[in-house]
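A.B. asks: Every letter in the sequence shown is one number past the one before it in my numbering, and letter 310, counting from 1, is 310.
Among the clues, some could well be false.
[Said to hold, decoys possible] Label pairs and their computed distance ranges (CB to CB):
#1 Asp277 to Val413: 16 to 26 Å
#2 Pro366 to Lys314: 19 to 29 Å
#3 Glu344 to Gly319: 17 to 27 Å
#4 Asp124 to Thr88: 21 to 31 Å
#5 Lys186 to Ser32: 18 to 28 Å
#6 Arg385 to Leu181: 25 to 35 Å
#7 Thr222 to Gln399: 48 to 58 Å
#8 Lys537 to Pro125: 48 to 58 Å
#9 Asp318 to Val413: 35 to 45 Å
[Stated by the list, open to error] In silico DMTMM-like links for lysine to aspartate or glutamate, alpha-carbon gap of 25 Å or less:
#10 Lys492 to Asp348
#11 Lys209 to Asp197
#12 Lys126 to Asp421
#13 Lys266 to Asp74
#14 Lys392 to Asp427
#15 Lys392 to Asp378
Hints in this document: simulated from the structure, not taken from any laboratory.
Predicted model only: the values in this text are computed from it and were never measured.
Just so it is clear, CB atoms sit at the ideal spot from N, CA and C, and this is done for glycine as well.
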Amino acid sequence: MARRSASGSLRTLLATSALALALSGSAAWAQSNLTIAFPANQEPASLDGHIDPYQSTWLFNSFVADPLVVLDPDGKYQPALATSWESTPDGKLWTFKLRPGVTFQDGTPFDAAAVKYNLERINDPKTASAQLKSDVGPWKSVEVVDPLTLRITYDTPWVTLLDALRRTPIWSPTAAEKHGLANFSKNLVGAGPFTLDSWVPNDRIVFKKWPGYGGWNPVQKTKGPVGVDQVTVRFIGEGAVLGSVVKSGNAQIGFTIPAQYIDDYKNDKNVQFIAKDQSGTGLQMVMNVRKPPLDNISVRRALHHSVDQVAINKLIYDGYYAPSEGPLNNNHRCHWDGAGKMYERSVDKAKALLEQAGWKAVAGKPIREAQGVAGVADGTPLRIRYNTLHHKEIGEAMQSQMRRAGIDLAVEVVPGPVQLDRVRKRDFELMYERQRSPDPLILDQVWNSKWDQPGGWAWTGFKDDTLDATLNKLRALPSIDERCEAAKQAQKIIMENALMLPTLSDPVFVAISGKVKGFQMGAEGNWFFLNNVTVDK
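Using the sequences and the hints, build the whole thing.
C.D. replies: See below:
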């Protein structure tokens, strides 16, 4: 395999030195403690998952707050704080039986009233929930039938409620009210295996074992508290450090290590190496169709023809990444196979489409310029902004490819809050937007125009009645086969209108010290469980 990084000894030196600086001023982890190195660009802006829309937030929330339902490592929904549930065939009425004898970490009772409070908090406009509000849905009523029975009623079918609830943290109402929306993020209180000890932004989150935990997560093999006294999540910004922390002994788990460090671990007998595909949208870039240049479908289609994802994968990741040729990546069970056949790699076709759209080649200039493009002054260069949270290297590879067609792709990495602010202001052209789930419902979240609202995920500005009607079926059809068929129809419409630019799908690469036992990846690559973890001396 080709190597594009420093030598092994130099990488280890860099890792040891950089992480030693990060650890300065804090005690070294003991044998009963666990240190996880985590990418800095995945640190949440808020640890309150009712507000923050990122997968890492819900993962960290799961350490502190068990949900009603857990998606286990085999991809099956299992009871957690809910012991059972049932719904009417049309998915409009859901009834949950709750686990008795559970208290929150502040000693207050977990019951139906507490769950009702959480659902109302998510739905409250003051909370400004960025995703869970749409996931849990526009319920008509939440009723406390008795202390351990909750009933949720919808006006429309909502067959995907379990997929929403397995991500939804259930917080202590008393603690949430005490600290308020502004301060609760650093004072989380749930009924999970760990308590939140501290959060130092841009550095670390520390969780401590909760002695009162009853082992309510169904993946846990024993009842009672977990086996690890403390979990420290260290946010690492340097790829060389993140890729080397386990080998250098500065952390016991390296989560989402860079692909170029795979060879350092996969044949190491002292390390468990995991590569887990992530079913979802892939590393897609959605297009803002509200304004030039991407309001013109010819320009959008030209971007597709100008990019070669296979070449990018080989160039940057030695082919370790997975293909993602459409709105759902290729390993998703509802992926539409026609997506990869729609836009062949052809610089000539890209050039012809741009000429047709009024972006003309100018002698002696590598970048095309506008001539007669509505809303654009003649002579304006064809410059398209590419905003992403990470994987800047993919954008830079595309930048080189698109330049051959006369497109100036301006690549910029932005943090999550900036991303959401630009989306809110409609100030973007190509914006990274990702959802992970084995359920096709994620298409509704991203592409249904009814979610083109503050806190919603329909960012492109595209509205089509046929697409919306097709996406609405994803919440109404109880059969997964029927829902997959609807998802494929929706993907066809999205691709015909060239509303997004597929890139690649990144498996999660995890390196785990041989001293760690019982680490479990979830059904999705972005999720894991620590309930059964022990650390050998």
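A.B. asks: Confirm or reject each hint.
C.D. replies: These are the hints, each one checked on the structure:
{"no.": "1", "hint": "Asp277 to Val413: 16 to 26 Å", "in the structure": "24 Å, holds"}
{"no.": "2", "hint": "Pro366 to Lys314: 19 to 29 Å", "in the structure": "25 Å, holds"}
{"no.": "3", "hint": "Glu344 to Gly319: 17 to 27 Å", "in the structure": "20 Å, holds"}
{"no.": "4", "hint": "Asp124 to Thr88: 21 to 31 Å", "in the structure": "27 Å, holds"}
{"no.": "5", "hint": "Lys186 to Ser32: 18 to 28 Å", "in the structure": "25 Å, holds"}
{"no.": "6", "hint": "Arg385 to Leu181: 25 to 35 Å", "in the structure": "32 Å, holds"}
{"no.": "7", "hint": "Thr222 to Gln399: 48 to 58 Å", "in the structure": "52 Å, holds"}
{"no.": "8", "hint": "Lys537 to Pro125: 48 to 58 Å", "in the structure": "52 Å, holds"}
{"no.": "9", "hint": "Asp318 to Val413: 35 to 45 Å", "in the structure": "22 Å, violated"}
{"no.": "10", "hint": "Lys492 to Asp348", "in the structure": "24 Å, holds"}
{"no.": "11", "hint": "Lys209 to Asp197", "in the structure": "10 Å, holds"}
{"no.": "12", "hint": "Lys126 to Asp421", "in the structure": "17 Å, holds"}
{"no.": "13", "hint": "Lys266 to Asp74", "in the structure": "23 Å, holds"}
{"no.": "14", "hint": "Lys392 to Asp427", "in the structure": "19 Å, holds"}
{"no.": "15", "hint": "Lys392 to Asp378", "in the structure": "31 Å, violated"}
Figure legend: structure checked against the earlier numbered hints; hints not met, in rising order: 9 and 15.
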